[in-house]
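Residue-level listing of the chains:
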Amino acid sequence: MIIEKVLKPNVLYYPGCLKKFVYRNLKENYEKILREMEVKFIEVEEEVCCGSPVRNAGYFQQFRNLVRKNFEVFRKYNVGKIILSCPACYYTFSKEYSKVCREWKIECVHAIKMIWEGIRDGRLKIYRKGRGKVTYHDPCHLGRYSGIYEEPRMIIKALGYDLVEMEESRETSLCCGSGGGVGANYPILAREIAKERIEQAKKTRAKILVTSCPLCVFSLKKFSGIKTVEISELILSHVKVKKW
Amino acid sequence: MELSEILQKRKNSKRFFKKAYYTYISRRREILRDLDLNELKKTIRRIREDSIKNVFELKEKAVENLEKNGVKVFEAKDSKEALRILEKIIPEGELLVKSKSNVIKEIGFEERFYKRNKVVETDCGDFIVQICGESSSHPVTPALHIPLEKVVKAIRRRFRVRLKPEPEEIVSFVKNYIRRKIFEAKYGLTGANVITSDGFIVIIENEGNISLVSKIPNKHIIVASIDKIVKNLDDAILISKVLSFYGTGSKSTSYINIISSLSKTADLQKKIVYGVHGPEEVYLVLVDNGRSKIVNTDLEEILYCIGCGACLYSCPIYRQVFERYGKDYIGGIGVLKTFMIEGIEQTFNSGLYFCNLCGSCKEVCPVSLDVPEIVRKIREISVKSGYETKTNSEMVENVEIFGNPFGKSSKNGEVQEKLYCC
Numbered sequence: 001m002i003i004e005k006v007l008k009p010n011v012l013y014y015p016g017c018l019k020k021f022v023y024r025n026l027k028e029n030y031e032k033i034l035r036e037m038e039v040k041f042i043e044v045e046e047e048v049c050c051g052s053p054v055r056n057a058g059y060f061q062q063f064r065n066l067v068r069k070n071f072e073v074f075r076k077y078n079v080g081k082i083i084l085s086c087p088a089c090y091y092t093f094s095k096e097y098s099k100v101c102r103e104w105k106i107e108c109v110h111a112i113k114m115i116w117e118g119i120r121d122g123r124l125k126i127y128r129k130g131r132g133k134v135t136y137h138d139p140c141h142l143g144r145y146s147g148i149y150e151e152p153r154m155i156i157k158a159l160g161y162d163l164v165e166m167e168e169s170r171e172t173s174l175c176c177g178s179g180g181g182v183g184a185n186y187p188i189l190a191r192e193i194a195k196e197r198i199e200q201a202k203k204t205r206a207k208i209l210v211t212s213c214p215l216c217v218f219s220l221k222k223f224s225g226i227k228t229v230e231i232s233e234l235i236l237s238h239v240k241v242k243k244w
Numbered sequence: 001m002e003l004s005e006i007l008q009k010r011k012n013s014k015r016f017f018k019k020a021y022y023t024y025i026s027r028r029r030e031i032l033r034d035l036d037l038n039e040l041k042k043t044i045r046r047i048r049e050d051s052i053k054n055v056f057e058l059k060e061k062a063v064e065n066l067e068k069n070g071v072k073v074f075e076a077k078d079s080k081e082a083l084r085i086l087e088k089i090i091p092e093g094e095l096l097v098k099s100k101s102n103v104i105k106e107i108g109f110e111e112r113f114y115k116r117n118k119v120v121e122t123d124c125g126d127f128i129v130q131i132c133g134e135s136s137s138h139p140v141t142p143a144l145h146i147p148l149e150k151v152v153k154a155i156r157r158r159f160r161v162r163l164k165p166e167p168e169e170i171v172s173f174v175k176n177y178i179r180r181k182i183f184e185a186k187y188g189l190t191g192a193n194v195i196t197s198d199g200f201i202v203i204i205e206n207e208g209n210i211s212l213v214s215k216i217p218n219k220h221i222i223v224a225s226i227d228k229i230v231k232n233l234d235d236a237i238l239i240s241k242v243l244s245f246y247g248t249g250s251k252s253t254s255y256i257n258i259i260s261s262l263s264k265t266a267d268l269q270k271k272i273v274y275g276v277h278g279p280e281e282v283y284l285v286l287v288d289n290g291r292s293k294i295v296n297t298d299l300e301e302i303l304y305c306i307g308c309g310a311c312l313y314s315c316p317i318y319r320q321v322f323e324r325y326g327k328d329y330i331g332g333i334g335v336l337k338t339f340m341i342e343g344i345e346q347t348f349n350s351g352l353y354f355c356n357l358c359g360s361c362k363e364v365c366p367v368s369l370d371v372p373e374i375v376r377k378i379r380e381i382s383v384k385s386g387y388e389t390k391t392n393s394e395m396v397e398n399v400e401i402f403g404n405p406f407g408k409s410s411k412n413g414e415v416q417e418k419l420y421c422c
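Just so you know, the sequences run in chain order A and B. Under our numbering, think of the first position of the first sequence as 1, with each following residue one higher. Under our numbering, think of the first position of the second sequence as 1, with each following residue one higher.
Hints are supplied without guarantee of correctness; some may be wrong.
[As the list claims (entries may be wrong)] Derived list of chain A stretches under chain B, where covered just means 3 residues or more per stretch with a C-beta under 8 Å from a C-beta of chain B: (1) 26-39; (2) 55-62; (3) 148-158; (4) 174-188.
[Stated by the list, open to error] For each label pair, taking beta carbons as the anchor points, the in silico distance ranges come out as: (5) A:G147 x B:K53: 25 to 31 Å; (6) A:S224 x B:K408: 30 to 36 Å; (7) A:L7 x B:G343: 50 to 56 Å; (8) B:E400 x A:R102: 21 to 27 Å; (9) A:N25 x B:K408: 19 to 25 Å; (10) B:G133 x A:V164: 40 to 46 Å; (11) A:S224 x B:R156: 30 to 36 Å; (12) A:K195 x B:S250: 27 to 33 Å; (13) A:S224 x B:R15: 31 to 37 Å.
These aren't lab readings, by the way, just hints derived from the structure by calculation. All values derive from a computational prediction rather than experimental measurement. We treat Cβ as the ideally placed atom computed from N, Cα and C, and that holds for glycine.
Make a model of the complete structure from these sequences and hints.
Spelled out as structure tokens, the structure:
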């Protein structure tokens, strides 16, 4: 038993900075859902930013430093697998880390894939079916960068909603406006783009706009006329979880 | 100009853009539906990779073959040299008819020659842009953003002619004016879409102005960048077709002009006489402007661009600020080309940090050009050269000190005003 504990690599849940420091409720949502599925995971304090914004802004040396730091932290905790719920962190860990850190071999899974499997296999019970039209916004890092288009859609449908697509979706999805540092560097520009996306969402006559990235939520939530939610919020209003 | 001002000014353009966009998208979708898109993209990508990797060899052959046929070829290492060559060919004050060309814009032709000579733009869109005193908002459809009322007003002011704000009436007036000028001019100036190493110059068009500009005046001058050279006519025709699919959403342009020599006849006693119905002299100015420098580097991919402009239609930033994103070349790819041509300072100032890195351009691009990845590389160069935004340096400092991009205050869980993430 002790040997097993020492040798068996840990599974880590990495919520990402936005969920850890800003949208803490979203972090808790994913923790609740994962626990309900009886996924055993650890969380660590010492981990740092995945480096995505740093890399995107052109600070490659600083990015390599972050990769190194995280690698050391994960090694210390004997992490063999990371569960991620933020699209940019997921993309960066799964595609970019091995390019700058040769020893990087940690498996990365996106929580949405696990949640879809949980719903499909009945480990997550839907106690109340949703009704009405819902549309889904593909975050760039989850869709185009990582090729995950189906799972979030299957979840929305499984929850009982009528999924309607915007005129630009999947591979041709329109960015929420904040990506690439635009949200922070040129907020008025980001806002105009978000407005265009919201118009597309409203055109579908959906009552809820669902997305799966905390920054997209931040970007799109500022507008009235349609309710914008992160997918974990939608899931938790239909799936019962035990109190912890 | 402040960003808020640009956004305000471009509000109207957005309406026109949307209309044009939907027409374009549905046309393109229809054309591409019947094609094996993956196969097509792979082929085009391969052609572009091969031509850039062998650009010096192909250029040598092209020059040799064209000169054999009487075309006078000049090579210009930069804009300055290109302008000097053009000034030698074209006498001051001479009437000059010109068709649309990005590289002619790139070398700063307008600034120099609009004053030095009488220059008439013969592309309908460019003509309108010119008389309205506007700037081109798209490489293929430059007058996309100008309302018809404004066009009619400009024509009334300039030519004292009253027109209804209807496309047919405007085109009819513009056509007659331009045609007169083409017959008057001794010098015709065009770009080229593709040049082949075996000596063909391919120029595509819909309006027919290029056919006239390249044939009616006595001297035809072609300006093209070295990355336009491919191996043979098969490759050139395929690129021309794809340019049409992606550039305008049409199956083919109305005309594909192929030029290999001067106009000539040997009908009288087998003596060759040059300049029958076409020009007596044909010049080709090949412009480098930073291109050779990036061949065989990790920026080489910039040169794979065929210039169709499909990336702009899907770009979230372009849709808001149009030609204010980039410089002589527009959009994310425009920013990259600005770096290639003018270096980091100009690039930083023409929207290097505008890109959302969303990747929608790469998705639609016929050569799958990875603009976001090259933008990151150039941002790295920018940072190393000391050009960074204040917001970014704050963010990096936060990450280094606190391990997250928001800094210390974020610990209390309040939503930050500036959420630097993604």
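Consistency of the hints with the structure:
Under a criterion of three residues with beta carbons nearer than 8 Å to beta carbons of chain B, the stated coverage of the region 26-39 of chain A fails, only 0 such residues being counted. Closer than 8 Å: that is the beta-carbon criterion, and the region 55-62 of chain A has 7 residues meeting it against chain B, so the requirement of 3 holds. With a threshold of 8 Å between beta carbons, the proposed coverage of the region 148-158 of chain A by chain B is violated, since 0 of its residues qualify and at least three are required. Counting residues of the region 174-188 of chain A whose CB lies closer than 8 Å to any CB of chain B gives 14, which reaches the minimum of 3, so the coverage claim holds.
A C-beta distance of roughly 29 Å is found between A:G147 and B:K53, which places it inside the suggested range of 25 to 31 Å. For the pair A:S224 and B:K408, the supplied restraint of 30 to 36 Å holds, since their beta-carbon distance comes to about 33 Å. For A:L7 and B:G343, the Cβ-Cβ distance of about 55 Å falls inside the hinted range of 50 to 56 Å, so the restraint holds. Taking 21 to 27 Å as the suggested C-beta distance range, the pair B:E400 and A:R102 conforms, at roughly 24 Å.
Range check, A:N25 to B:K408: Cβ separation about 21 Å, and the 19 to 25 Å hint holds. Against the hinted window of 40 to 46 Å, the Cβ-Cβ separation of B:G133 and A:V164 comes to about 44 Å, which satisfies the hint. At roughly 44 Å, the beta-carbon separation of A:S224 and B:R156 lies outside the given 30 to 36 Å, and the hint is violated. A C-beta distance of roughly 31 Å is found between A:K195 and B:S250, which places it inside the suggested range of 27 to 33 Å.
About 22 Å separates the C-beta atoms of A:S224 and B:R15, a value inconsistent with the hinted range of 31 to 37 Å.
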